[in-house]
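With chain E held as given, fit chains H, L, B and C onto it using these hints.
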Amino acid sequence: MLINCSAYQEGNKIADIPVPDISEHLAVPGRFVWVALRDPSHDELAVMQEEFGLHELAVEDAMRGNQRPKVEEYGDSLFAVVKTLEPEGDDYQVGEVDIFIGPNFVLSSRRNSNQDFMAVRARAEREPELLRLGPSFVLYTLLDTVVDRYFPLAEALEWELEKIEERIFIRGSQRRNIERLYALKSKVLVLRHAVAPLMEAVGKLYGGRVPAMFLGAEEYFRDVHDHLFRLNGTLDTIRDTINTAIQVNLSMTAIEESEVNKKLAAWAAIFATFTAFAGIWGMNFEHMPELNSVWGYPAALGLMIGVAGYMYWRFRKAGWL
Amino acid sequence: MLINCSAYQEGNKIADIPVPDISEHLAVPGRFVWVALRDPSHDELAVMQEEFGLHELAVEDAMRGNQRPKVEEYGDSLFAVVKTLEPEGDDYQVGEVDIFIGPNFVLSSRRNSNQDFMAVRARAEREPELLRLGPSFVLYTLLDTVVDRYFPLAEALEWELEKIEERIFIRGSQRRNIERLYALKSKVLVLRHAVAPLMEAVGKLYGGRVPAMFLGAEEYFRDVHDHLFRLNGTLDTIRDTINTAIQVNLSMTAIEESEVNKKLAAWAAIFATFTAFAGIWGMNFEHMPELNSVWGYPAALGLMIGVAGYMYWRFRKAGWL
Amino acid sequence: MLINCSAYQEGNKIADIPVPDISEHLAVPGRFVWVALRDPSHDELAVMQEEFGLHELAVEDAMRGNQRPKVEEYGDSLFAVVKTLEPEGDDYQVGEVDIFIGPNFVLSSRRNSNQDFMAVRARAEREPELLRLGPSFVLYTLLDTVVDRYFPLAEALEWELEKIEERIFIRGSQRRNIERLYALKSKVLVLRHAVAPLMEAVGKLYGGRVPAMFLGAEEYFRDVHDHLFRLNGTLDTIRDTINTAIQVNLSMTAIEESEVNKKLAAWAAIFATFTAFAGIWGMNFEHMPELNSVWGYPAALGLMIGVAGYMYWRFRKAGWL
Amino acid sequence: MLINCSAYQEGNKIADIPVPDISEHLAVPGRFVWVALRDPSHDELAVMQEEFGLHELAVEDAMRGNQRPKVEEYGDSLFAVVKTLEPEGDDYQVGEVDIFIGPNFVLSSRRNSNQDFMAVRARAEREPELLRLGPSFVLYTLLDTVVDRYFPLAEALEWELEKIEERIFIRGSQRRNIERLYALKSKVLVLRHAVAPLMEAVGKLYGGRVPAMFLGAEEYFRDVHDHLFRLNGTLDTIRDTINTAIQVNLSMTAIEESEVNKKLAAWAAIFATFTAFAGIWGMNFEHMPELNSVWGYPAALGLMIGVAGYMYWRFRKAGWL
Amino acid sequence: MLINCSAYQEGNKIADIPVPDISEHLAVPGRFVWVALRDPSHDELAVMQEEFGLHELAVEDAMRGNQRPKVEEYGDSLFAVVKTLEPEGDDYQVGEVDIFIGPNFVLSSRRNSNQDFMAVRARAEREPELLRLGPSFVLYTLLDTVVDRYFPLAEALEWELEKIEERIFIRGSQRRNIERLYALKSKVLVLRHAVAPLMEAVGKLYGGRVPAMFLGAEEYFRDVHDHLFRLNGTLDTIRDTINTAIQVNLSMTAIEESEVNKKLAAWAAIFATFTAFAGIWGMNFEHMPELNSVWGYPAALGLMIGVAGYMYWRFRKAGWL
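Chains as they are written, first to last, in the working numbering: chain E, 1 to 321; chain H, 1 to 321; chain L, 1 to 321; chain B, 1 to 321; chain C, 1 to 321.
Next comes chain E alone, as it looks inside the complex:
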């Protein structure tokens, strides 16, 4: 579906233009065309391919979707893929934005994503002095917007990890902790797959061999790269901490089990003495003088309780009870 199709001259929007006129506008020096698509059909992309002269392989990738984040040069144009992530229940809905950039055009095509870029375009149009920098600046604002939307997701993961950490040494919460740690790790992996390859790709847009189109905008792309680097660092820390937390959780399970075992052993010992004493006085020997004594029974009970009490005290002192 076509969302927008406008022509810009010297940073100012001239008009919304119909698709068939695109090639006409591309021919005018100092003018560039910015088109936005959403879940485009095969035919819509085919039209764009012709108007802008896009490379067949890039169009195929955009058609098929499900690409990894990347930035590829095709001659003097460029094809970028970024991922959009929206929380959906306990998981993410993963969408994709494919961006074609040429010296005088920008074509963005988003799939499976509810995040639009209206605000990006509106803000860009209010700043003609920057928009004058042309498609490379548009690419920067698009990337910047997408990357900025990753931050709250990463913070949510950090916050979730902290909540788990608060419960990690609490007795009896191991099962729930491990379940939440596992779910958290899955989400970290998804976010990392959006961030890490993009970081690597954006790194090629500044420093070293930069495509000519991006000279002058290098500092902006370095800024995006820096944000991605920071996100990546955060995700690495979360991942590292999750791994430790899983190990610690296992340790806590083992420690708690050994505590339960000690308790069990202590009570078993206490009851076993009761049973042993009772068994002895329950034997049917004829000559057991204590059985005939009036004080036998209370004395026996007293002895049993005394021994049990002593054992209880000893176990308590040893920390088993």
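Any given hint could be a false lead.
Since the list can't tell identical chains apart, any single copy or any two copies may satisfy a pair.
[As the list claims (entries may be wrong)] Calculated lysine to any residue pairs in the SDA-like style (CA-CA distance at most 25 Å, straight line):
no., residue 1, residue 2
1, LYS317, ARG175
2, LYS204, ASP226
3, LYS163, GLY233
4, LYS204, LEU215
5, LYS263, ALA119
Hints were generated in silico from the structure; no laboratory data involved.
Chains H, L, B and C in isolation, oriented as in the chain E frame:
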């Protein structure tokens, strides 16, 4: 066994030709020969070596089979090895395709594989404008076909992992989970050994120092490389997740055991009180007044059941039962 | 909040100057201006941006804070971010110092940190022959000061690890150990995030392609880099040791549990023999000749104690008790 | 001990020559000398050092032995160290071959190894057209021979791993499995120490900056490198699988223990009910009407067996028995 | 403390000279001065700094000590730090040697170390043809001596690991094993911190961009590097093996515990049958005909022993006892 042997001029097939005529056709400018072998005998390869002037070491590799995926330059020709994988019960049948590429010939030799490349050749012959690009384009289509066949395998592994994950927190499924995780990891390793070295090898066919023959086709090989990169990322994620799942499975085993232990301890305690009380009133002291009371027995039973009930309630509240 | 604003000529302080005069002083050859801010407001930074001609993206970073440590070139000026850490209870208070360096100015802005750099400035002013080197030397002293403050933190972590290690093989301390190891690991991660990226960034200030401004001061930055390298090595060792200690702690838990289990098994066996013997002589068969013997009871008791004693001795010898 | 000392001209063997004549032959253009030593004494090496003008440090290495595999250039000659491995009981006997290569000589010296290179020399002498390539070809054949002897060792390790894997999920085999896995890992490490450094070293003999002597033979060394790369990949897989298998083995131990525990708990519960019931009817209350009934005993037995049977059925259904 | 201060001309020692004359001797072409200090005071170093024109930062490092091993260039001189290790009880005493090298001087300063370099100097003075190579050769001999002293330490660690490995599958040695493995790992880390950074640093003294002073001595430094590389490999193997051994030790703990558990379960079952039977015949029902039989008691005992014996046999067969 010889499958095909055809000569092409300007992208169009001229004729199926007999093997002894190959060198004749190679001498014609603008012509190239495409030969396909299957499980070739030593003699068949020897003939090909002579006709195409293949390097002894490459032929030896093709003869012995069981090579790792690679792309090697020999002078102005090139030797590529790729792996084919076909699901076979709970494992893969691993086959191999050896491809010799020269400026005017393609020789593919497949071993231990049921996947043919008929469709590849048929499609290539329907697109003479691409086939005109010559052997490098044929290599691209062969690689692309092989790599495309890896995707459903990787997806099957992902799907299997998801099925295991659904059961990972279910009580009593640890033994089955660990068995399936281990089998899955083996399959991931096999697929990775087909993908990772090939990714590295294909990376040498674009960017940097590219063999002259491949200039112009670089974007196609970058596309294959990109697919392999994506596959590799998927496999890394699966591997990482399997490792975590194995740890989580161990944790679940420990957690379940501790739950069982608590249950055991609770019931043991309840029964132990029964036994202790019964033991006491089973003692043979003469002076145990409660024994003579008419209400003694029901009162004793009541007390025992009462204490047991109270303990049951306490253990229940503590989550042990 | 403005802390300081002074102009220096040939390494000597001329005067504290008002902010609006900054640009005037910048115009004088051989003169440089050194400004220090603390938790600056948006407006204060905006003024500085105008006076010094700072790059918009760098100012934005300084405004937002929470950057990772880095050193970025913007044309002929430079933007550096370093972290300050102050122990706060069982955690660190993480602050940030943003430093803008140009050929004739230094602007440092610190946030969320109680560590001032008064002493740094005072010492620098006492050494005009070094201060004559200009802003690059000021950057060196600032970095050096921040990095020197990391060392006691790293040493405190090492010391804490040693204290945990002393208790790692002590019975019954597993729960406390694992809690402390986990807390320690968190702190190591925080410190590492201050050190590792800074090390990488400072590495760019000497050797290879050095910004012109820093030629001549390279050996100083290499020294800072070397300190960071050493810190990083220390942190890696701590991390490695923590990981091993966590594993060892788990092993100790398992070993102790198995020792408890053996003890439990041994005592259970001893009591079980008591109960079994008592049960036998508690049976109600009419013809049990030993029951009628006068020596039956003491003999039975003797037998029971004898067997129990023998078992106790055997278990003791086997190391179970 | 001197094994062989021969001179070759244009690929053909001229004669076995006495050691003192070596320098004479070296002076003849187009001639090269090939010497093989075994467990050489200090004096023998000293003679060789003089005849061939070997570098003192290389000779020292050859004298001391126990070097890591490497290829070092000394001026226009080269010193290579490779490891030989021979299965010896459950371990390897590790030997060493030191090879000195110059423009017109090859000196191989083997230590602590029963593998000779007679066959290598014999085959080389039958192929004068290759031997004409001179010392670099001799080095290739020596390396190729040594590396080919690694393959059966790696396959034996793979086969052993498979045998362990067959038993990994079998109850009660954990102790034996862990012992075998540990022994296997040791052997993998030994083989890896022969393979990995050699792979790195041989990589320097083709591509990039190749010593002049080896130009023309590059494809042969690439072939050896490729074999080593394959071996290395195999060893990495084995190592990775061993690590997983060790973890799985631990999981299986825990799972089996929890199964035993459940069984124990179930039987304990069943017996405990028996004991509890028997205890109740073993009490000495006077007024226990059921005791006087003729059907009391069989009914009690019936009840006890019934309850036990019901519990057995329930535990069975729950998979505990 | 000054240990030595001598001047050398053309490789021959001229005289021991007083410190104040150093600068005089430095002015003579072809002459170099070699000074050795031990635990130098601040003042001694200050004198040296002046005599040799040492860089302030290097002197500061030497003063403070506790540096990581490194080799740093300062203009045309060089500052090297190496660690000395001496076994001290179950740990190492870590010392440090700081070496300043210039075109015509060597200054070595050792701290906290009992290892002197008298023998090194004596041997060097006996070989004037090598000493003629000047300070770079002295540096080589110092490094070589320090590195050679690491080998017996690494071998001791290997030997200790082997002793632990011999006991790793022996029942009941887990606690001792884990303690020794942990202590061993600490020592490996200390040795690694001496070896790994030095290896990296020495790598810069040959190949690639070598400081002018070291041209000609490259092969000697490569030899030192090779030794360090070998040491590093040995330490990596030990570390890897320790990690596996820790895991195996945990597995052995779990396996032994499950063996103990099975034994416990088996004996508990046997005793439980005794108790259950005895309980039944201890009930007070009036009509229990077997109680009145003369053979009742022996038959009951026989039955109980028979059942117990049968169970014992079954458990034995199942490997539980």
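Hint check results:
no. : hint               : in the structure
1   : LYS317 with ARG175 : between (30 Å within a copy, 17 Å between copies)
2   : LYS204 with ASP226 : both (13 Å within a copy, 16 Å between copies)
3   : LYS163 with GLY233 : within (20 Å within a copy, 30 Å between copies)
4   : LYS204 with LEU215 : both (12 Å within a copy, 22 Å between copies)
5   : LYS263 with ALA119 : neither (63 Å within a copy, 59 Å between copies)
The structure fails hint 5 only (numbered hints given earlier).
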